[in-house]
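Chemist: The lines below spell out each chain.
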Amino acid sequence: AQSVTQLDSQVPVFEEAPVELRCNYSSSVSVYLFWYVQYPNQGLQLLLKYLSGSTLVKGINGFEAEFNKSQTSFHLRKPSVHISDTAEYFCAVSTASGSRLTFGEGTQLTVNP
Amino acid sequence: GAVVSQHPSRVICKSGTSVKIECRSLDFQATTMFWYRQFPKKSLMLMATSNEGSKATYEQGVEKDKFLINHASLTLSTLTVTSAHPEDSSFYICSASVLAGSDTQYFGPGTRLTVL
Numbered sequence: 001a002q003s004v005t006q007l008d009s010q011v012p013v014f015e016e017a018p019v020e021l022r023c024n025y026s027s028s029v030s031v032y033l034f035w036y037v038q039y040p041n042q043g044l045q046l047l048l049k050y051l052s053g054s055t056l057v058k059g060i061n062g063f064e065a066e067f068n069k070s071q072t073s074f075h076l077r078k079p080s081v082h083i084s085d086t087a088e089y090f091c092a093v094s095t096a097s098g099s100r101l102t103f104g105e106g107t108q109l110t111v112n113p
Numbered sequence: 001g002a003v004v005s006q007h008p009s010r011v012i013c014k015s016g017t018s019v020k021i022e023c024r025s026l027d028f029q030a031t032t033m034f035w036y037r038q039f040p041k042k043s044l045m046l047m048a049t050s051n052e053g054s055k056a057t058y059e060q061g062v063e064k065d066k067f068l069i070n071h072a073s074l075t076l077s078t079l080t081v082t083s084a085h086p087e088d089s090s091f092y093i094c095s096a097s098v099l100a101g102s103d104t105q106y107f108g109p110g111t112r113l114t115v116l
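Heads up: the protein sequence lines correspond to chains A and B, in order.
So that you can map any letter, position 4 of the first sequence is 4 in this note's numbering, and since no number is skipped, the others follow by simple counting.
So that you can map any letter, position 89 of the second sequence is 89 in this note's numbering, and since no number is skipped, the others follow by simple counting.
Just to be clear, a hint being listed does not mean it is correct.
Said to hold, decoys possible - Listed below are the simulated BS3-like cross-link pairs for lysine-lysine, each with C-alpha atoms no more than 27 Å apart in a straight line: (1) A:K49 with B:K41; (2) A:K58 with A:K69; (3) A:K49 with B:K42; (4) B:K42 with B:K20; (5) B:K42 with B:K64; (6) B:K41 with B:K20.
What the hints assert, rightly or not - Part of the chain A face toward chain B, derived, beta carbon under 8 Å: (7) V37; (8) P40; (9) Q42; (10) G43; (11) L46; (12) K58; (13) F90; (14) R100; (15) F103; (16) E105; (17) G106; (18) T110.
As the list claims (entries may be wrong) - Derived, one-sided and incomplete: chain A residues facing chain B with beta-carbon distance under 10 Å: (19) Q6; (20) F14; (21) Q45.
Honestly, the hints are just simulated from the structure, not real lab data.
Backbone N, C-alpha and C define an ideal beta-carbon position, used for all residues, glycine too.
Just need the whole structure built from these sequences, with the hints factored in.
Modeler: Listed below in structure tokens is the structure:
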């Protein structure tokens, strides 16, 4: 079984500041890793995913994440955030053998002016 | 591409009634669809996985007679909450993947169910 831990439930930052949302996972098999964003009362939108290859993954809206196998982490970063980035962010993992997703508890990113 | 819709977006019903939620893949054929439930300020909890033409696989603790799932075609899955009660009030989200074992799920916008 897999599990995902998002270390921060809430992250407040000022506009144009850098941000890092932390995610750690545990699994006994190889995994695929995902970051999703959810705006209020909406479904989830895929930001980026790691399947294999380069450990630095670039996604939409200027976000990127780095897969660190030794630390079992997949932290999400953005060098300069905007007010519109305010949302809930979910880290998720699935095994290579299927697409069942296990989600972390989510991190609420709030960007203040 | 890869758009998933849900209908209705929100529904209010009386206790004891049944509610059907539709999930459609608009521009692709979805061999597998997933149904999630999300409580306020909480993460998504997988309820069941459905493959077109076969019975859904329910997660432990999810009552299959309470939450009926039908995946009759490659573009439509339905979730029926039978004899709904206030504790069934929640945000229900579906997702779809193109291929069995595919790495990416595409999510619908969700359905807010309120049971009075």
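Chemist: Determine for every hint whether it applies to the structure shown.
Modeler: Each hint tested on the structure:
1. Under the criterion of a C-alpha separation no larger than 27 Å, the hint pairing K49 (chain A) with K41 (chain B) is consistent with the structure, at around 24 Å.
2. A threshold of 27 Å between alpha carbons decides the hint, and for K58 (chain A) with K69 (chain A) the separation of about 17 Å falls inside it, so the pair holds.
3. The suggested pairing of K49 (chain A) with K42 (chain B) holds, with an alpha-carbon distance near 22 Å, which does not exceed 27 Å.
4. Proposed proximity of K42 (chain B) and K20 (chain B) is supported: the alpha carbons are some 23 Å apart, at most 27 Å.
5. Taking the CA atoms of K42 (chain B) and K64 (chain B), the gap is near 22 Å; set against the 27 Å cutoff, the hint holds.
6. Between K41 (chain B) and K20 (chain B), the direct Cα distance comes to roughly 24 Å. Compliance with the 27 Å bound is thereby established for this hinted pair.
7. Given the 8 Å rule on beta carbons, the hint for V37 (chain A) is violated: about 11 Å separates it from the nearest Cβ of chain B.
8. The interface hint given for P40 (chain A) is broken, as the beta carbon of that residue sits about 10 Å from the closest beta carbon of chain B, more than 8 Å.
9. Taking 8 Å as the C-beta cut-off, the interface hint given for Q42 (chain A) holds, the closest approach to chain B being about 5 Å.
10. Given the 8 Å rule on beta carbons, the hint for G43 (chain A) holds: about 4 Å separates it from the nearest Cβ of chain B.
11. Annotation: L46 (chain A) was flagged as interfacial toward chain B, and the flag holds, the nearest CB pair being 7 Å apart, inside 8 Å.
12. Of the supplied interface hints, the one on K58 (chain A) is violated, with its beta-carbon coming no nearer than about 16 Å to a beta-carbon of chain B, more than 8 Å.
13. With 8 Å as the threshold, the beta carbon of F90 (chain A) comes within range of chain B, its nearest partner Cβ sitting at about 7 Å, so the hint holds.
14. At its closest, the beta carbon of R100 (chain A) sits 7 Å from a beta carbon of chain B; the interface hint therefore holds under the 8 Å criterion.
15. A cut of 8 Å between beta carbons decides the hint on F103 (chain A): the least distance to chain B is about 5 Å, and the hint holds.
16. Interface hint at E105 (chain A): satisfied, since its Cβ lies 5 Å from the closest Cβ of chain B, which is below the 8 Å cut-off.
17. Taking 8 Å as the C-beta cut-off, the interface hint given for G106 (chain A) holds, the closest approach to chain B being about 5 Å.
18. With 8 Å as the threshold, the beta carbon of T110 (chain A) stays out of range of chain B, its nearest partner Cβ sitting at about 13 Å, so the hint is violated.
19. The interface hint given for Q6 (chain A) holds, since its Cβ lies 9 Å from the closest Cβ of chain B, which is under the 10 Å cut-off.
20. The beta carbon of F14 (chain A) is not positioned within 10 Å of any beta carbon in chain B (closest approach about 23 Å), and the interface hint is therefore violated.
21. At its closest, the beta carbon of Q45 (chain A) sits 7 Å from a beta carbon of chain B; the interface hint therefore holds under the 10 Å criterion.
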